[in-house]
Amino acid sequence: MKEFEPKIIAFCCQYCAYAAADLAGSMRLKYAPNIRIVLVPCTGRIDVIHILRAVENGADGVLVAGCLEGGCHFVEGNFKAKNRVRYVKNLLGRIGIEEERVEMFNLSSAEGPRFAEIANEMTERIKTLGPSPLRRENSTEENI
Amino acid sequence: MIIADQKPLSEIQDMLAPYRKILLVGCGTCMTFCSAGGREEVATLAGTLLSENKDMTVDKMTIPQQCAVKFIDRLADKVGNYEAILSMACGNGVQAVANRFPEKPVLPALNTQFIGVEKEPGIWTESCMACGDCILWRTGGICPITRCAKSLLNGPCGGASGGKCEVSKDRPCAWQEIYHALKRLNMLHYLKEKPRVKDWPIHPGRIVREDLREVEAA
Amino acid sequence: MKSGSNLERLLESGQFSVTAEAGPPKGTSSKVVQRKGELLKLCCDALNVTDNQTAIVRMSSLSGCVLLKEMGVEPVLQMVVRDRNRLALQSDILGAAALGIRNVLCLSGDHQKFGNHPTAKGVYDIDSIQFIQMVKNMRDEHKFLNGEDISGDVPFFIGAAANPFADPFEFRVIRLAKKVAAGADFIQTQGVFDMPKFIEWMKMVRDRGLDEKTHILAGLIPIKSVGMARYMRNNVSGLSVPKEIVDRMADAREPKEEGVKICLESIEQLKEVDGIHGIHIMAVAWEDIVSRIVEEAGLMPRPVV
Amino acid sequence: MIIAEMKPIEEILDMIRSYQRILIVGCKGCVAVCSTGGPKEVSVLGSLLRIARKKEGRDIVIDEESLDRQCEPEFVDLAGDKVADADAVLSLACGAGVQMFAERFQDKVVLPGCNTTFLGVTEELGVWSERCAGCGNCILDKTAGLCPIARCSKQLLNGPCGGSMNGKCEISKDVDCVWQLIIDRLTRLNRLEMLEEIFPVKDWSPAGHGGPRKMVREDLKT
Amino acid sequence: MSFREALESGKFVVTAEVGPDKGTDIEHLLKDADIVKNRVDAINVTDLQSSVMRLGSMAVCHLLVDRGIDPIFQVTCRDRNRLALQSDLLSAWVLGVRNVLALTGDHPTLGDHPQAKPVFDLDSVTLLEVIRKLNSGSDMAGNELRGAPEFLPGAVVNPGADNEAALELQIMKMEKKIEAGARFFQTQGVYDLDAFEKFMKRIEGFHTKVLGGIILLKSVGMARYMNRNVAGVFVPETLIQELKTAEDKARVSINIAVRLIKGMKDLCDGVHIMALGWESKIPSILDAVKE
Numbered sequence: 001m002k003e004f005e006p007k008i009i010a011f012c013c014q015y016c017a018y019a020a021a022d023l024a025g026s027m028r029l030k031y032a033p034n035i036r037i038v039l040v041p042c043t044g045r046i047d048v049i050h051i052l053r054a055v056e057n058g059a060d061g062v063l064v065a066g067c068l069e070g071g072c073h074f075v076e077g078n079f080k081a082k083n084r085v086r087y088v089k090n091l092l093g094r095i096g097i098e099e100e101r102v103e104m105f106n107l108s109s110a111e112g113p114r115f116a117e118i119a120n121e122m123t124e125r126i127k128t129l130g131p132s133p134l135r136r137e138n139s140t141e142e143n144i
Numbered sequence: 001m002i003i004a005d006q007k008p009l010s011e012i013q014d015m016l017a018p019y020r021k022i023l024l025v026g027c028g029t030c031m032t033f034c035s036a037g038g039r040e041e042v043a044t045l046a047g048t049l050l051s052e053n054k055d056m057t058v059d060k061m062t063i064p065q066q067c068a069v070k071f072i073d074r075l076a077d078k079v080g081n082y083e084a085i086l087s088m089a090c091g092n093g094v095q096a097v098a099n100r101f102p103e104k105p106v107l108p109a110l111n112t113q114f115i116g117v118e119k120e121p122g123i124w125t126e127s128c129m130a131c132g133d134c135i136l137w138r139t140g141g142i143c144p145i146t147r148c149a150k151s152l153l154n155g156p157c158g159g160a161s162g163g164k165c166e167v168s169k170d171r172p173c174a175w176q177e178i179y180h181a182l183k184r185l186n187m188l189h190y191l192k193e194k195p196r197v198k199d200w201p202i203h204p205g206r207i208v209r210e211d212l213r214e215v216e217a218a
Numbered sequence: 001m002k003s004g005s006n007l008e009r010l011l012e013s014g015q016f017s018v019t020a021e022a023g024p025p026k027g028t029s030s031k032v033v034q035r036k037g038e039l040l041k042l043c044c045d046a047l048n049v050t051d052n053q054t055a056i057v058r059m060s061s062l063s064g065c066v067l068l069k070e071m072g073v074e075p076v077l078q079m080v081v082r083d084r085n086r087l088a089l090q091s092d093i094l095g096a097a098a099l100g101i102r103n104v105l106c107l108s109g110d111h112q113k114f115g116n117h118p119t120a121k122g123v124y125d126i127d128s129i130q131f132i133q134m135v136k137n138m139r140d141e142h143k144f145l146n147g148e149d150i151s152g153d154v155p156f157f158i159g160a161a162a163n164p165f166a167d168p169f170e171f172r173v174i175r176l177a178k179k180v181a182a183g184a185d186f187i188q189t190q191g192v193f194d195m196p197k198f199i200e201w202m203k204m205v206r207d208r209g210l211d212e213k214t215h216i217l218a219g220l221i222p223i224k225s226v227g228m229a230r231y232m233r234n235n236v237s238g239l240s241v242p243k244e245i246v247d248r249m250a251d252a253r254e255p256k257e258e259g260v261k262i263c264l265e266s267i268e269q270l271k272e273v274d275g276i277h278g279i280h281i282m283a284v285a286w287e288d289i290v291s292r293i294v295e296e297a298g299l300m301p302r303p304v305v
Numbered sequence: 001m002i003i004a005e006m007k008p009i010e011e012i013l014d015m016i017r018s019y020q021r022i023l024i025v026g027c028k029g030c031v032a033v034c035s036t037g038g039p040k041e042v043s044v045l046g047s048l049l050r051i052a053r054k055k056e057g058r059d060i061v062i063d064e065e066s067l068d069r070q071c072e073p074e075f076v077d078l079a080g081d082k083v084a085d086a087d088a089v090l091s092l093a094c095g096a097g098v099q100m101f102a103e104r105f106q107d108k109v110v111l112p113g114c115n116t117t118f119l120g121v122t123e124e125l126g127v128w129s130e131r132c133a134g135c136g137n138c139i140l141d142k143t144a145g146l147c148p149i150a151r152c153s154k155q156l157l158n159g160p161c162g163g164s165m166n167g168k169c170e171i172s173k174d175v176d177c178v179w180q181l182i183i184d185r186l187t188r189l190n191r192l193e194m195l196e197e198i199f200p201v202k203d204w205s206p207a208g209h210g211g212p213r214k215m216v217r218e219d220l221k222t
Numbered sequence: 001m002s003f004r005e006a007l008e009s010g011k012f013v014v015t016a017e018v019g020p021d022k023g024t025d026i027e028h029l030l031k032d033a034d035i036v037k038n039r040v041d042a043i044n045v046t047d048l049q050s051s052v053m054r055l056g057s058m059a060v061c062h063l064l065v066d067r068g069i070d071p072i073f074q075v076t077c078r079d080r081n082r083l084a085l086q087s088d089l090l091s092a093w094v095l096g097v098r099n100v101l102a103l104t105g106d107h108p109t110l111g112d113h114p115q116a117k118p119v120f121d122l123d124s125v126t127l128l129e130v131i132r133k134l135n136s137g138s139d140m141a142g143n144e145l146r147g148a149p150e151f152l153p154g155a156v157v158n159p160g161a162d163n164e165a166a167l168e169l170q171i172m173k174m175e176k177k178i179e180a181g182a183r184f185f186q187t188q189g190v191y192d193l194d195a196f197e198k199f200m201k202r203i204e205g206f207h208t209k210v211l212g213g214i215i216l217l218k219s220v221g222m223a224r225y226m227n228r229n230v231a232g233v234f235v236p237e238t239l240i241q242e243l244k245t246a247e248d249k250a251r252v253s254i255n256i257a258v259r260l261i262k263g264m265k266d267l268c269d270g271v272h273i274m275a276l277g278w279e280s281k282i283p284s285i286l287d288a289v290k291e
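First to last, the protein sequences are chains X, B, C, E and F. Here the first sequence is numbered in this note's numbering, starting from 1 and rising by one per residue. Here the second sequence is numbered in this note's numbering, starting from 1 and rising by one per residue. Here the third sequence is numbered in this note's numbering, starting from 1 and rising by one per residue. Here the fourth sequence is numbered in this note's numbering, starting from 1 and rising by one per residue. Here the fifth sequence is numbered in this note's numbering, starting from 1 and rising by one per residue.
The following block holds chain X by itself, in its conformation from the complex (with noise of 0.2 Å):
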């Protein structure tokens, strides 16, 4: 049996984590190829539906990835994506997903490894939640 692949959407902010991941690129760090960026002018922009209609579609995580609390371009757009992010945790808690599956994390541009390690460890995670319980409606129970 293949081992299971998550896809992961990250909406990163293009001040900070956009920039990370760039960096990180061209130090050529090694991190996990499940991530899938998503540019993003500023966490703030992010609202509750991006995050749910990424889960909709199929994605098995989720990460916002802004920057340091009180480095905002925006000020206090970080702030922002937080609660929703918070607020979208509780909802898909109560209706049965698991609420690992989508996390905000905060880092700076100059941070091209804490990138890395950031795909890595989202990665590790949402391989042991196993894949996105709607894509495992039409496989039975044995083979997941």
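Check before you lean on any hint, since a few could be wrong.
Counterexamples of contact, computed for chain E against chain X with all Cβ distances above 10 Å [as the list claims (entries may be wrong)]: (1) LYS55; (2) GLU103; (3) ALA207.
Some, not all, of what chain C presents toward chain F, calculated at C-beta under 8 Å [to be verified]: (4) VAL32; (5) ARG35; (6) LEU42; (7) VAL57; (8) ARG58; (9) SER60; (10) ARG84; (11) LEU87; (12) SER91; (13) ALA98; (14) ILE150; (15) GLY152.
None of these hints come from the bench; they were simulated from the model. Backbone N, C-alpha and C fix where the C-beta goes; we use that ideal spot for every residue, glycine too.
Once you have looked at the hints, place chains B, C, E and F on chain X.
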């Protein structure tokens, strides 16, 4: 929507008695829809006040909502010129304006009545009491908390006759309406549910939604 | 005489009066009320029977009053506006009159949220000041709230509560004035721990001449333990317990004795305050201490008028 | 405006359990302004329901619509075609809107997605509080623009009870004692004498306690 | 024999009712009670009937207990919230009250204080549940009681509903009341025995006792008034004619009551006589029923 109607003119004049320069403020939302405090009613009331008190200054302004600070701010550079603000908003609006301008008397021109709908032109009826725990899905889309005079949750009292409420012959018994609706929708089983005791909300109410706040959640 | 009650006779004749509180049980055990009645009978002029105090369901004040009356103790019927509308309040007032109750204390009541039925519908049809006025009209004009006539007498000595320690402080005396204007014959105050504040309040009361229009009984709460002192200081809104009191209780080797001492010192001070016509002792779950306090305060035997 | 909040998702899932095709209808009036039932919330709820049902392995078809207002029949009727295709309508309007829907589409199951909570204002983004009880007899001119009926937990008309401490209500430290606010404001306006008057007993019949209310304006009748 | 014992013995029980006055004057009421005292199994004391402010039901019940009468304490949900209702029930038990009739209560707008705030925190069904809970030793929030009452709970039902929906709703609610602990029912006034029989058939198998309501017809005007204004009461035209043409109207009125009671003997478990001021006629009615 919120339904209101204008206070008796004599009461408005009583409350305006100490003042000569008034800013009359209308509201562009519910009060416009229920024809109680929109641009048109502002004009009419201003005209009436002026015709009765020749030496009075009544200036008019209507903002989209009086319950939101961003719209109330539009009054900021004007209020200094007036002794009092006469608001044609619901109670929320009057208080929001009063809160924004702490040094200014803010007076209500309307009596806020209820949350309701327009039945036909000129007639509004109450349909929601904002009790905080909606059960319309079990009552055929008819609210017994609001539309039964006794807010009964477990069936009608013995006072209905001819399908009408004991309180007034021109009000239907909400429970008979519920019965017909549930029958039509094939949901009569909801009538046999276990008796419920209502958890009444504690007032004043306050709601906090963390996902919308801009400050860091505690 | 408005009611002919013992409390009224004593206060009107200028005696320093003593009242205490007898809370009814959470159940139908009439013995609980009778035991409190026995304990307090000789040392008090009248006993308040609380009305679902702190919004916790108990036997009603009316039946507690009847039980006390049957054993020869004079009751004060406490009534709150939280649980009954104007029909029930008036109806209960008539019932109490028919059953021979002569004192009533009109209150707002703690919010239902604090009790053991927090989602009950709070009634609050009328407020405590309107309630006082209503009872006064029933007594003096023989009129119900709607203006209709009452058959028979409604002889009540009408009481109200005052809390000098709640905020806004400046308003407290205005509120008392309103209660007096509405018809309060006597006032029982919140428990006094913060003596300077109370004395300041009494000065404002005298400045308005209110002490001559009503009888003010200062409230006292005997403290049993430092835990109770702390709890009241931190958790009970409307109570002001100074830090010194908590410290005294904390340092005491025998906290109960210290509590009695504090209470006795307060009584001594209160006796000296102009306009105070008596004390009201609220010894919740410590009723057996009351007779000792009254005795040691030199207020025994209770006068008969 | 009318303030509402979304029902617990568990309750919504329970009420739509037996339906396959749901039309979620938002309202662009009050509930959109308080971020509970506008177009944005319609799509969030739609997505959530699809996720939940997909997880259960049961199909659901969700159609979305948002109307200018659900408390007026002409707007509600605009949804007619979409309503016809649905097993049930899930309305995110206030209770008045839900009932207007049920009234216009008598043979359709109409379900409430929100709990309507009070008439209030936005204190700050994400925080709403109650301001008006719709009691039908406004006294804000006598109480300095602050309503004791809506904002005092005991609806006292003659000043604060003994539980007012440090400007807060006895029921919660998050709730201001409105009488403290009234007194502060009257002090500023130099009208403290207004407090001395005894407010008479209130007539509650226009406040909804005389049975469900109805308002007729002869000048507007056709 | 107490009311509970009478009911459980299976005999045909009789209850009457007194309505307290508007004031603290109780002489008249006690006189009425004494007239019927030894002829009935219990006397209902109404709770601010028709939302008109009167002396309280509990005080009067206590006075009746003192006179050796077993009262049925009527309690409505109109004026008291759940705290006051439970508290009053505990008190009533202490004052010797053993039977409670749980009612919703008329709306205040029908009474003499139409501006009052009605309460309706609970309704008749949930009030019955509360009584059951108190009987079992705890309050409705589940807190243990120190000493529990043992009330006999009763309720009312209106068999004369005027349309299908109303009848179905009455029966639905009656079932809920039985489930909530109602041990007996007193009905709205009955004048049409056929209709009543149909109603009794409809509820056959319900585990409860039913006391048919008898309202003494004092005049033609009263009959017409009830037909127009009182929900669920229907006086057939034949009865109205009988009363209209009678010379001794009181005599005929008594005859009608006697006939109705006799008719009910085979249909239900007892009768509840609402004499509305004609309490003095109850003994002769009961004598005539025996003949």
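When the least beta-carbon distance from VAL57/C to chain F is tested against 8 Å, hint result = 5 Å, holds
query = Against chain F, is ARG35/C within 8 Å by beta-carbon distance?
reply = At about 12 Å, which exceeds the 8 Å cut-off, the nearest Cβ of chain F leaves the hint on ARG35/C violated.
query = Beyond 10 Å from every Cβ of chain X: is that where the Cβ of ALA207/E lies?
reply = 36 Å, holds
ask   = Does the interface hint hold: is GLY152/C within less than 8 Å of chain F, judged Cβ to Cβ?
value = Check passed: Cβ of GLY152/C comes within 3 Å of chain F, closer than 8 Å.
task = Answer holds if the nearest beta-carbon of chain F is closer than 8 Å to that of ARG58/C; otherwise answer violated.
result = It holds, given that the least Cβ distance between ARG58/C and chain F is near 6 Å, below 8 Å.
inquiry  = Can you verify the interface hint for SER91/C: is its Cβ closer than 8 Å to any Cβ in chain F?
reply    = 4 Å, holds
ask   = Does SER60/C pass the interface hint, meaning its C-beta sits closer than 8 Å to a C-beta of chain F?
value = 4 Å, holds
ask   = Per the CB criterion, is VAL32/C less than 8 Å away from chain F?
value = Holds: closest Cβ of chain F sits about 7 Å from VAL32/C, inside 8 Å.
request  = Just double-check LYS55/E for me: nearest Cβ-Cβ distance to chain X has to come out over 10 Å.
outcome  = With a cut-off of 10 Å, LYS55/E comes too close to chain X, as the shortest Cβ separation is near 4 Å.
ask   = Was the hint right that LEU87/C lines chain F, CB cutoff 8 Å?
value = 5 Å, holds
key: Status of the ARG84/C interface restraint (C-beta, 8 Å, chain F)   = 5 Å, holds
ask   = Should the label of GLU103/E as a non-interface residue stand, given a Cβ cut-off of 10 Å to chain X?
value = With a cut-off of 10 Å, GLU103/E remains clear of chain X, as the shortest Cβ separation is near 31 Å.
When the structure is compared with the earlier hints, violations turn up for hints 1, 5, 6 and for no others.
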